[in-house]
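J.: Both chains are sitting in their own frames, so use the hints and assemble them into the complex.
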Amino acid sequence: MKILVPLKRVPDPATTIRILADGTGIATDNVKWVINPFDEIAIEEALRIKERLKTGEVVLLTIGQSNWQEQLRTGLAMGADRAKLVVNDQPLDTLAIARVIAKIVAEEQPQLVILGKQAIDDDSNQVGQMLAELLGWPQATFASKVDIEGERCTVIREVDGGLETVAFPLPAVITTDLRLNEPRYASLPGIMKARKKELKEIPIGSLGLDLTPKLKIKELKAPPKRQAGRKVGSVEELVKLLHEEAKLI
Amino acid sequence: MGDVLVFAEYQHEHFPKSTLVAINAGLEMARKRGVQCVVAVLGENLDALAQKAARYGAAKVIALEHPALKNYLADAHAQALANLVKTIGAEYVMATATARGKDLMPRLAARLEAPMASDIITINDDGSVIRPMYAGNGMALVEMDGPVKVITVRSTAFDAAPESSSPSPVEKAAANIDQASLKMEFVGFNEIKSDRPQLTEARIVISGGRGLKSGENFTTVLEPLVDVVGAAMGASRAAVDAGFVPNDLQVGQTGKVVAPDLYIAVGISGAIQHLAGMKDSKVIVAINKDEEAPIFSVADYGLVADLFKAIPEMTEEVRKLKQA
Ligand SMILES: Cc1cc2nc3c(=O)[nH]c(=O)nc-3n(C[C@H](O)[C@H](O)[C@H](O)COP(=O)(O)OP(=O)(O)OC[C@H]3O[C@@H](n4cnc5c(N)ncnc54)[C@H](O)[C@@H]3O)c2cc1C
Ligand SMILES: Nc1ncnc2c1ncn2[C@@H]1O[C@H](COP(=O)(O)O)[C@@H](O)[C@H]1O
Chain A
40 MKILVPLKRV PDPATTIRIL ADGTGIATDN VKWVINPFDE IAIEEALRIK ERLKTGEVVL
100 LTIGQSNWQE QLRTGLAMGA DRAKLVVNDQ PLDTLAIARV IAKIVAEEQP QLVILGKQAI
160 DDDSNQVGQM LAELLGWPQA TFASKVDIEG ERCTVIREVD GGLETVAFPL PAVITTDLRL
220 NEPRYASLPG IMKARKKELK EIPIGSLGLD LTPKLKIKEL KAPPKRQAGR KVGSVEELVK
280 LLHEEAKLI
Chain B
422 MGDVLVFAEY QHEHFPKSTL VAINAGLEMA RKRGVQCVVA VLGENLDALA QKAARYGAAK
482 VIALEHPALK NYLADAHAQA LANLVKTIGA EYVMATATAR GKDLMPRLAA RLEAPMASDI
542 ITINDDGSVI RPMYAGNGMA LVEMDGPVKV ITVRSTAFDA APESSSPSPV EKAAANIDQA
602 SLKMEFVGFN EIKSDRPQLT EARIVISGGR GLKSGENFTT VLEPLVDVVG AAMGASRAAV
662 DAGFVPNDLQ VGQTGKVVAP DLYIAVGISG AIQHLAGMKD SKVIVAINKD EEAPIFSVAD
722 YGLVADLFKA IPEMTEEVRK LKQA
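Those protein sequences? They're chains A and B, same order as listed.
First residue of the first sequence? That's 40 in the working numbering, and the numbers climb one at a time after it.
First residue of the second sequence? That's 422 in the working numbering, and the numbers climb one at a time after it.
Be aware that a few hints might be false.
What the hints assert, rightly or not - Straight-line C-alpha distance at most 30 Å; calculated DSBU-like pairs for lysine-lysine:
#1 K604/B - K89/A
#2 K703/B - K264/A
#3 K264/A - K453/B
#4 K507/B - K142/A
#5 K453/B - K253/A
#6 K604/B - K184/A
#7 K286/A - K491/B
#8 K453/B - K593/B
#9 K270/A - K700/B
#10 K93/A - K232/A
#11 K253/A - K507/B
#12 K481/B - K507/B
#13 K700/B - K743/B
#14 K279/A - K741/B
#15 K634/B - K184/A
#16 K491/B - K184/A
#17 K730/B - K710/B
#18 K703/B - K279/A
#19 K257/A - K453/B
#20 K453/B - K260/A
#21 K264/A - K438/B
#22 K700/B - K279/A
#23 K93/A - K239/A
#24 K614/B - K184/A
#25 K730/B - K270/A
#26 K703/B - K260/A
#27 K255/A - K507/B
#28 K700/B - K255/A
To be verified - Partial list, computed: chain B residues near chain A (C-beta under 10 Å):
#29 Y493
#30 A499
#31 T519
#32 A561
#33 E606
No lab work stands behind these hints, which were simulated from the structure alone.
Heads up, the beta-carbon is just placed ideally off N, CA and C, and yes, glycines get one too.
Chain B on its own, in the form it takes in the complex (with noise of 0.2 Å):
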């Protein structure tokens, strides 16, 4: 049996918690499988980055270095990637079901002729694992045959892995690339940045919908409650379509799934959709003017009201909350 090999997907010299749950599903795996954990870093001068992955209980972390490898692109990181599978032995091969982790694992999976369960939530002891379909309506239990198989976890369906007492060594591995197969350029990353909390991060989370009626109402309605709440924003599919917010802030089925302390729907209707990327939040929230509307039956506390009097209301109840 091999190893379990952790794809480690980084942002600005920082890995997020999605990859520290990419490791600790890797590490659960590892545990039921009776074999190690080894996690690989992918980039160029990675020392800094090598020594930050230690320190979540794998037992070795690698380093693979290449200028290749300088900006994430699927075609060079697949060949690196399946070159180590290849070297180390690896039996399985896991990341978390980021943007990144969608784009390079099927990639990887068909370079080694391997079978691929995307955006699993449990790992069996046999190896089989379960995974949502249909917009999370069904649970599939989903069993892979092969020397290899590739997997990627549902960011809110695994903890981070916590800190480890003891370091894991360090291999720097030069990679394996054929540079003349590669035909992807990366040109460029527009990036919205944003002082909040990140969306599949944060404790809690506020999202908008098309009750919002406007990007400018998500500003000077909606985004104090965010603000004063200490919480992420999200957004619906129709939301976004429209233009109110940018597109990194849907939540659902082809979006991001959350699962916070607290998710508070605004003006959103509750498409299935929609619940597919929420209803495993801990304590839920709806404002909506309709009390017909499906999101009031997953919410543990519904409010039949206008947003544009609740939520400047609420907004006010929690800052004289916070003062007290």
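Looking at chain A on its own, in the form it has when it is part of the complex (with noise of 0.2 Å):
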């Protein structure tokens, strides 16, 4: 089975973010760059389900810039097979990312897609669900487990007051919860055999899509801060403030 894991560089989830005074953005010198947490977990899933059917592909894709390409060899560290790099400078929405996307599906025909629920920057937690409306495909978000029998799959989904389980054929897109998975590390054998794996740039302009925006960030604002309070000295006392002072208890 072809399985495609779209992937995004973000900053490293232990960074502190700066945003710029002028309301561009967030500073990025000192910032580490890696693989969107979900996205790694979607990554493993992939080479598991590769691994347990003892056939198949796993395909990287990433939309981003010309260095983003070292966050596409970790992940073929990690075991993918290839990856593709669809190369990109202007701000994309969520809806362009996710026709992109069904562009490569287009082409690639995976039978299944597997993205992380959501980037940990701009936590929009949309492409997913828009790209299997695009393709007309099932959707499983926030997936927590994956089966796979023949043509059918089924998914476990955490969702709010317990697990879901739905089931649908394929091909279909999943998205990834934390608990799906705990992604392996590259290996060094594994680092040395992604050297020579095939990483394909293609230009954003050569895909022939209107990719226009139609969501603008127009600032980035810092958040108000919130002020710490003081620190007590006993159960009594904190018992005695929230009961008095707060009024909650």
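T.: As structure tokens, then:
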């Protein structure tokens, strides 16, 4: 089975994000860039499915600048077979990203596309669902377990109030939640092999899509800072304050 | 200019607070745009639900009925809702950023070729919106172009719609669905039942982290405090990942966002991803044995203590108070 995994390069979740004073974005000095954590989980799931079925191909895709190669190489080092980089340096909205992925899906004809549920920079949580609709495919978002038997896929989803199970025929779109798996690290031999794996760059203009963003970020501001309060000396004092001062207990 | 259409999610024939929040945000958007707010309920046999939805001041409630809408599935729901958007010529389609809202609305947006803003916290007079990014480290002012715009709202950022004195008119409409195009099947829902208040609706939330060390300690140490206070229980990702508590208790950037009157973080370090889900709470209490823990930087009241000593003590103190 061929599985396509679209991935995004984001600031490491441990990075302290600083907003630029002019409101145009975040300060990028001292930022360590990584594969979006949910997309790492997507790569891992794709590799496990391939390993389970003992056949197939895992293809990575990113839409970004040339230096996003680095994250694709990391994914290849984890074990993915090859990668595509759609080179772009214009701002794109989520629908445009979904359109580009849909175009690559038309070329590659994968039976499964696994994405992260959310990119931890824009926190949109949209692209997978949009892609599923553009393709007319079923979707299973927030997956915490994926089972594939023949052409049928069963997914357990993390939803409000519990776990939901849905099923559908392939091809389909799945987005990952945190508890789907624990991504492996790239091994040293994996890193060596990754250097020789195919990584194809495609200029975004060659796709012939109208990608004019309909959603624009006009300004990015830092949120108001919360004032730290005080330390209390004992449980007794804490309960007293909550009762008498805050009047909450 | 088209109307505002609100998707009204329900569970067990009941509209949770998160749905009333979507209706209120829809009413606010309609007021600011000088248009009407219409509420859509999707499902089967909707008479009673539609009457309930009519209590919150919308210009109209539309009940879309179809057997394919019996259980929530993204493909059928997106299709039915998109058709309704086109029929009534809505300009804004809104829902709350619940698991279902997050699942459905992007699919709907793609079907309508519309832009979408997720998890918004402010509606401006010109229809632009503000939404958090980077785990709440940035607030983005967002503008959308096009005849239709799709929005999910953050449930903590808007009040629930109050009951109105006059009920909205209810209309039934047959959902327009091409059944041959539907491929998804609902298999089952393993619901986690709890007698405690809902995490996203509670006035007080007490969350436990890795510091609790086990699921058993959640039950024997934390839950007695949760119950004597009458709080909802939450957790950090670390506690959920370790299997101490179910996943739907996770508070944070990639879990639930809560903003109760009182949030008590127990044995939680205060990673940015956790803060993203609770730092708008009115009063924050942190109990942690490490005085350097980042959670103290947002806490109104911080107690540096071993939770295994402090929590039973606190439970006892509160019990005494309640008995007095
Ligand atoms: C993509 C991504 C998404 C994430 N999303 C979320 C999210 O939505 N929500 C979330 O919470 N996290 C999320 N995280 C994880 C987050 O980064 C932290 O790892 C997590 O919040 C830590 O949980 P914790 O505070 O319980 O554990 P720890 O960081 O291990 O902290 C445990 C705390 O308990 C204290 N402690 C230990 N023993 C005691 C004791 N006896 N008495 C008192 N205190 C004690 C310690 O001092 C410590 O401060 C995410 C991470 C990533 C990468
Ligand atoms: N620029 C991109 N290139 C490739 N995949 C992307 C890109 N942006 C988002 N994605 C995918 O879409 C998922 C959801 O992103 P978002 O909807 O932006 O939160 C991510 O986890 C990725 O799998």
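J.: All hints are to be evaluated individually against the structure, with a verdict given for each.
T.: Cross-check of the supplied hints:
1. The suggested pairing of K604/B with K89/A holds, with an alpha-carbon distance near 24 Å, which does not exceed 30 Å.
2. A threshold of 30 Å between alpha carbons decides the hint, and for K703/B with K264/A the separation of about 14 Å falls inside it, so the pair holds.
3. Among the hinted pairs, K264/A with K453/B is consistent with the structure: their alpha-carbon atoms are about 29 Å apart, no more than 30 Å.
4. Distance hint between K507/B and K142/A is fulfilled; the C-alpha atoms sit about 26 Å from each other, no more than 30 Å.
5. For the suggested pair K453/B and K253/A, the alpha carbons sit about 21 Å apart, so the restraint of at most 30 Å is met.
6. Straight-line distance between C-alpha atoms of K604/B and K184/A comes to about 19 Å, which keeps the hinted pair within the 30 Å bound.
7. At roughly 45 Å between alpha-carbon atoms, K286/A and K491/B are farther apart than 30 Å, so this suggested pair is violated.
8. Only pairs whose Cα atoms come within 30 Å are accepted, and K453/B paired with K593/B is accepted, the gap being roughly 27 Å.
9. In summary, the hint linking K270/A to K700/B is supported, as the alpha carbons are separated by about 18 Å, within the 30 Å threshold.
10. For a cut-off of 30 Å, the pair hint linking K93/A to K232/A stands: about 20 Å separates their Cα positions.
11. Between K253/A and K507/B the alpha-carbon distance is near 19 Å, which keeps this suggested pair within the 30 Å criterion.
12. As the CA atoms of K481/B and K507/B are separated by approximately 16 Å, the hinted pair is consistent with the 30 Å bound.
13. A threshold of 30 Å between alpha carbons decides the hint, and for K700/B with K743/B the separation of about 28 Å falls inside it, so the pair holds.
14. Between K279/A and K741/B the CA atoms are separated by roughly 12 Å; this keeps the pair inside 30 Å, and the hint holds.
15. Taking the CA atoms of K634/B and K184/A, the gap is near 25 Å; set against the 30 Å cutoff, the hint holds.
16. Between the alpha carbons of K491/B and K184/A the distance comes to roughly 24 Å, so the proposed pair stays at or under 30 Å and holds.
17. Under the criterion of a C-alpha separation no larger than 30 Å, the hint pairing K730/B with K710/B is consistent with the structure, at around 11 Å.
18. Restraint check for K703/B and K279/A: satisfied, since their Cα atoms lie roughly 18 Å apart, inside the 30 Å limit.
19. Using a Cα cut-off of 30 Å, the hinted pair K257/A and K453/B holds, with the two alpha carbons roughly 20 Å apart.
20. As the CA atoms of K453/B and K260/A are separated by approximately 23 Å, the hinted pair is consistent with the 30 Å bound.
21. Straight-line distance between C-alpha atoms of K264/A and K438/B comes to about 28 Å, which keeps the hinted pair within the 30 Å bound.
22. Of the supplied pair hints, the one linking K700/B and K279/A holds, its CA atoms being roughly 23 Å apart against a limit of 30 Å.
23. Proposed proximity of K93/A and K239/A is supported: the alpha carbons are some 25 Å apart, at most 30 Å.
24. With a CA separation close to 21 Å, the supplied pair K614/B and K184/A stays within the 30 Å bound.
25. For the given pair, K730/B sits about 17 Å from K270/A by alpha-carbon distance, which is consistent with the 30 Å threshold.
26. Note on K703/B and K260/A: the hinted pairing holds, with a Cα-Cα distance of about 22 Å set against a maximum of 30 Å.
27. For the suggested pair K255/A and K507/B, the alpha carbons sit about 24 Å apart, so the restraint of at most 30 Å is met.
28. Simply put, K700/B and K255/A have alpha-carbon atoms about 27 Å apart, close enough for the 30 Å limit, and the pair holds.
29. Taken as an interface hint, Y493/B checks out: its beta carbon lies about 8 Å from the nearest beta carbon of chain A, inside 10 Å.
30. Hint status for A499/B: holds, given a least beta-carbon distance of 6 Å to chain A, under 10 Å.
31. The beta carbon of T519/B comes within 5 Å of a beta carbon in chain A, closer than 10 Å, and the hint placing it at the interface holds.
32. Interface hint at A561/B: satisfied, since its Cβ lies 5 Å from the closest Cβ of chain A, which is below the 10 Å cut-off.
33. For the restraint placing E606/B at the interface with chain A, the shortest Cβ-Cβ distance is roughly 5 Å, inside the 10 Å limit, so the hint holds.
The structure does not agree with numbered hint 7 stated previously, though it agrees with all others.
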